[in-house]
Amino acid sequence: TQLLEQSPQFLSIQEGENLTVYCNSSSVFSSLQWYRQEPGEGPVLLVTVVTGGEVKKLKRLTFQFGDARKDSSLHITAAQPGDTGLYLCAGSGAGSYQLTFGKGTKLSVIP
Amino acid sequence: GAVVSQHPSRVICKSGTSVKIECRSLDFQATTMFWYRQFPKQSLMLMATSNEGSKATYEQGVEKDKFLINHASLTLSTLTVTSAHPEDSSFYICSARDRSRGNTGELFFGEGSRLTVL
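Those protein sequences? They're chains G and W, same order as listed. Here the numbering used here is used: the first residue of the first sequence is 1, the next is one more, and so on. Here the numbering used here is used: the first residue of the second sequence is 1001, the next is one more, and so on.
Excised from the complex, chain G in its bound form (with noise of 0.2 Å):
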């Protein structure tokens, strides 16, 4: 069973601050996604990352994939109250159709 470790499970910061949520496992994906939840809603996918060391970038938003596949961090330049939310990563095994979720990461940005 392939587990990812979300961390931090909790975040809240003030307006402008950098912050870095992390993602990490002891098995190997083939793809990890990262996604963004609002209250009420369901998740909405913001980046997918599938070579090994590969960075991506959102605006404010940097995605990076660990050079095994093991882990992934997702970091957020001078937060702002928009992008308070629950951050899931979900990653997938190869050959596998099935996403395993970490465990998510409430932001709450405060002006």
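Treat the hints with caution; some may be incorrect.
To be verified - With a straight-line Cα cutoff of 16 Å, these simulated EDC-like cross-link-like pairs (lysine to aspartate or glutamate) come out:
id	chain 1	residue 1	chain 2	residue 2
1	W	K1041	G	E38
2	G	K103	G	D71
3	W	K1066	W	E1087
4	W	K1041	G	E41
To be verified - Here are the computed distance ranges between Cβ atoms for each label pair:
id	chain 1	residue 1	chain 2	residue 2	range
5	G	I13	W	N1070	26 to 34 Å
6	W	E1059	G	P8	23 to 31 Å
7	W	L1068	G	N24	34 to 42 Å
8	W	G1053	G	Q9	21 to 29 Å
9	W	E1059	G	A94	15 to 23 Å
It is worth saying that the hints were derived from the structure and are not from the lab. All C-beta atoms in this analysis are idealised placements derived from N, C-alpha and C, irrespective of residue type, glycine included.
On the provided structure of chain G, position chain W as indicated by the hints.
Chain W only, in chain G's frame:
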């Protein structure tokens, strides 16, 4: 992007009744759809994998007679919560994989359905 629509978004029912939730892929074909349950402030818990034209695969601990899943077409899967009880109250979310995009692992989620059983 791929769109998944879920209906109803909210439903309130009496204990003992059955509730059906629909999950539709609007602009793509999905041979596989997934059903999740999410408790407040927690991550998604996979309930079952729905395969078009065949029986669903349920995760350990999920009662298949309680949560009936039907995937009759490439764009529609339904989850029926039978004889619902207050402990079944939860946020149910479906997701689908766009088969034309290959095995990238990406899933597209519905908006979720909030079930409240009185």
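Evaluated hints:
In summary, the hint linking K1041 of chain W to E38 of chain G is supported, as the alpha carbons are separated by about 11 Å, within the 16 Å threshold. Taking the CA atoms of K103 of chain G and D71 of chain G, the gap is near 14 Å; set against the 16 Å cutoff, the hint holds. For the hint pairing K1066 of chain W with E1087 of chain W, the CA-to-CA distance comes to about 12 Å; that is within 16 Å, so the pair holds. Of the pairs offered as hints, the one joining K1041 of chain W and E41 of chain G holds, with about 13 Å between alpha carbons and a cut-off of 16 Å not exceeded.
As the Cβ distance of I13 of chain G to N1070 of chain W is approximately 44 Å, the hint placing it in 26 to 34 Å is violated. Under the hint 23 to 31 Å, the C-beta atoms of E1059 of chain W and P8 of chain G, about 27 Å apart, fit the expected range. Against the hinted window of 34 to 42 Å, the Cβ-Cβ separation of L1068 of chain W and N24 of chain G comes to about 37 Å, which satisfies the hint. Take G1053 of chain W and Q9 of chain G: their Cβ atoms lie about 39 Å apart, and the range 21 to 29 Å is violated.
The hinted window of 15 to 23 Å between E1059 of chain W and A94 of chain G holds, with their beta carbons roughly 20 Å apart.
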